[in-house]
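Trainee: Residue-level listing of the chains:
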Amino acid sequence: MTDISLQENSQSLADLSARVETARRAGAGDVRFRITALLAALLVLAIFGGVIASLLVGAMPAFKAFGFGFITTEAWSPTRERFGALAPIYGTLVTSLIAMVIAVPVGIGIAIFLTDLCPRPLRRPIGIAVELLAGIPSIIYGIWGFFVFAPWFQLHVQEPVANAVADIPVLGTLFGGVTFGIGTFTAGLILSIMILPFISAVTRDVLETVPSVLKEASYGLGATSWEVMWKVCLPFCQTGVVGGAMLALGRALGETMAVTFVIGNSHKIASSLFAPGTSISASIANEFTEATGDLYRSALIELGLLLFVITFIVLAAAQLMLMRLEKGKGK
Amino acid sequence: MVLNRALYLRRRLANITFIVLSVGAALFGLIWLTFILGGLLVDGVSALSPTLFTEITPPPGSKGGLANAIGGSILMSVIAVAVGTPVGLFAGTYLAEYARHGKLAFVVRFVNDILLSAPSIVIGLFIYELLVVRMGHFSGWAGAAALTVIVIPVVVRTTENMLLLVPNGLREAASALGAPQNFVIKSVTWKAARAGIITGVLLAVARISGETAPLLFTALGNSGWSWSPSAMNEPMASLPAVIYSFATGPYEDQHSLAWAGALLITATVLALSILARILENQKRT
Chain E
1 MTDISLQENS QSLADLSARV ETARRAGAGD VRFRITALLA ALLVLAIFGG VIASLLVGAM
61 PAFKAFGFGF ITTEAWSPTR ERFGALAPIY GTLVTSLIAM VIAVPVGIGI AIFLTDLCPR
121 PLRRPIGIAV ELLAGIPSII YGIWGFFVFA PWFQLHVQEP VANAVADIPV LGTLFGGVTF
181 GIGTFTAGLI LSIMILPFIS AVTRDVLETV PSVLKEASYG LGATSWEVMW KVCLPFCQTG
241 VVGGAMLALG RALGETMAVT FVIGNSHKIA SSLFAPGTSI SASIANEFTE ATGDLYRSAL
301 IELGLLLFVI TFIVLAAAQL MLMRLEKGKG K
Chain H
332 MVLNRALYLR RRLANITFIV LSVGAALFGL IWLTFILGGL LVDGVSALSP TLFTEITPPP
392 GSKGGLANAI GGSILMSVIA VAVGTPVGLF AGTYLAEYAR HGKLAFVVRF VNDILLSAPS
452 IVIGLFIYEL LVVRMGHFSG WAGAAALTVI VIPVVVRTTE NMLLLVPNGL REAASALGAP
512 QNFVIKSVTW KAARAGIITG VLLAVARISG ETAPLLFTAL GNSGWSWSPS AMNEPMASLP
572 AVIYSFATGP YEDQHSLAWA GALLITATVL ALSILARILE NQKRT
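Going line by line, the protein sequences match chains E and H.
So in my numbering, spot 56 of the first sequence is number 56, and the numbers just go up one at a time.
So in my numbering, spot 277 of the second sequence is number 608, and the numbers just go up one at a time.
Everything labelled a hint here was simulated from the structure, so no lab data went into it.
Beta carbons: idealized from backbone N, C-alpha and C, even for Gly.
Treat the hints with care, since some could be wrong.
[As the list claims (entries may be wrong)] Here chain H is said to cover these stretches of chain E; the calculated rule only asks that three of the stretch's residues, wherever they fall, bring their Cβ under 8 Å from a Cβ of chain H:
#, region
1, 60–67
2, 174–187
[Claimed, not checked] Just the calculated beta-carbon pair ranges, DEER-fashion:
#, chain 1, residue 1, chain 2, residue 2, range
3, H, S377, E, G29, 12 to 22 Å
4, E, T292, H, F384, 32 to 42 Å
5, H, I605, E, I35, 35 to 45 Å
6, H, I405, E, D167, 54 to 64 Å
7, H, N499, E, K64, 30 to 40 Å
Could you build all of it, start to finish, from the sequences and the hints given here?
Mentor: What follows is the structure in structure tokens.
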């Protein structure tokens, strides 16, 4: 009897210790898993830090050589090793500005059409079609812009416009001169098509958050669709629309291949928007692999650093705005 | 009364203008899409031929295919997805399961969203400084690394979003049965969010298959192709980089190859996005 009870006892003891062992192992596995997840999250931060650090290190020689004059001078001469970033900075800002001027109203218009005006069965297909524009890779816009769009644009838009405005004071300078098809304006126009889906997608999402009671109340007071949209819905969605537009601006500023194909790659600030120019990203893409000499390469990396800083500020502002919106939604 | 009619007319006119402009905006978008896809089909289809997949990129003035570029693109993309997916999956899991409201999670989420929209050419410069300068030469590894850096934020974002959709009741039920947290995550939440996570990976593949800028100064390009194990250690051709160099060159044969490549990439990307959309819809219903 005693033997048996002892045996039973030791068996349950062994059983218990085996269970403790399993639990301990599971606990260790749990810790390992948690640490792996933490490390992966930290890797994201490390990549971000690495991007900034490598750009700073790479840009150092150029910064030492030119100081802050780098961003205020226009001269770009690899043979004499003089580098100024004014023309690319100007090109980046102007192409993005043109893109925003076109894409913001059109993008909002598409969103309004899709939420309020479009017949229900057409809503999904048209929505998907506009989103497809966002899926087409940058280089496709580039090759299409270069071979198909630019020649067409030169013949049917640029030349007639340039001729028509030749003698008008301000417009004549902005849109006059010899036309090439490619140039700053063409780049801005193609950029606007590329960022259109971002603006319309965000606007559409926030328009759908407008409480229908608000709309019904306004219609009940006799307001027209336009008045409901302009005075009720859009003010309600202000933060979201602005956030979405900033996100799109961030994309436009950094867009590379499409711009490289159609901007013309000339390091001169021309008075005419139809004239060839360059942008930060286009200069880097176009010249980096051919850059001979450390200073040349370093100047291009400093351009990259400038681009990263500019887009960081714009994207961070957009994030914060959209985050605030997200918080408001929770309430 | 007269004044009222004028006001009414003005409001009606404003409304009609508004409707016309909105419809115009939608047409504007659709016209560009047909314009682009049409152009691509016209110039791309005429350049398609079976030799695209069997012959390597030709020197100027002769005919050839894109086999080495297609192979390079596939190889680098596979490596980028194989490395980037687990990292993104774990980082997204950390954000959704372990530290939802923590300070670290806030910073990681913020930085990840910046990386998601950061200019890809800057990623190229980063890998150039990190790998190409140190190794002393351009290589397929550097190209794959640049693509990995682009894959990670996409997977992190979709993984977190999808995990947040998993109802907490599932997690609580599994925990109440005594399952350790890693078991809950692996066997319950990941399973519940599987379709969404796969969608994210597909979107990441779609994103990198058209990426050009970060490959220009990492993988560079290569007019040949070797099946030796050291191929990744040499400069490697990729479809987008070949399109860029052929399209900007002066040769007619190379232009048509560039168009064929552009059609291949667009078809791949659109097919992937449609597949991702179907998966997403299946999950919802």
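Trainee: Each hint should be assessed against the structure and marked as holding or not.
Mentor: Going through the hints against the structure:
no., hint, verdict
1, 60–67, "violated (count 0)"
2, 174–187, "violated (count 0)"
3, S377(H) - G29(E): 12 to 22 Å, "violated (58 Å)"
4, T292(E) - F384(H): 32 to 42 Å, "holds (36 Å)"
5, I605(H) - I35(E): 35 to 45 Å, "holds (38 Å)"
6, I405(H) - D167(E): 54 to 64 Å, "holds (57 Å)"
7, N499(H) - K64(E): 30 to 40 Å, "violated (55 Å)"
Hint check: violations occur at hints 1, 2, 3, 7; the rest are consistent with the structure.
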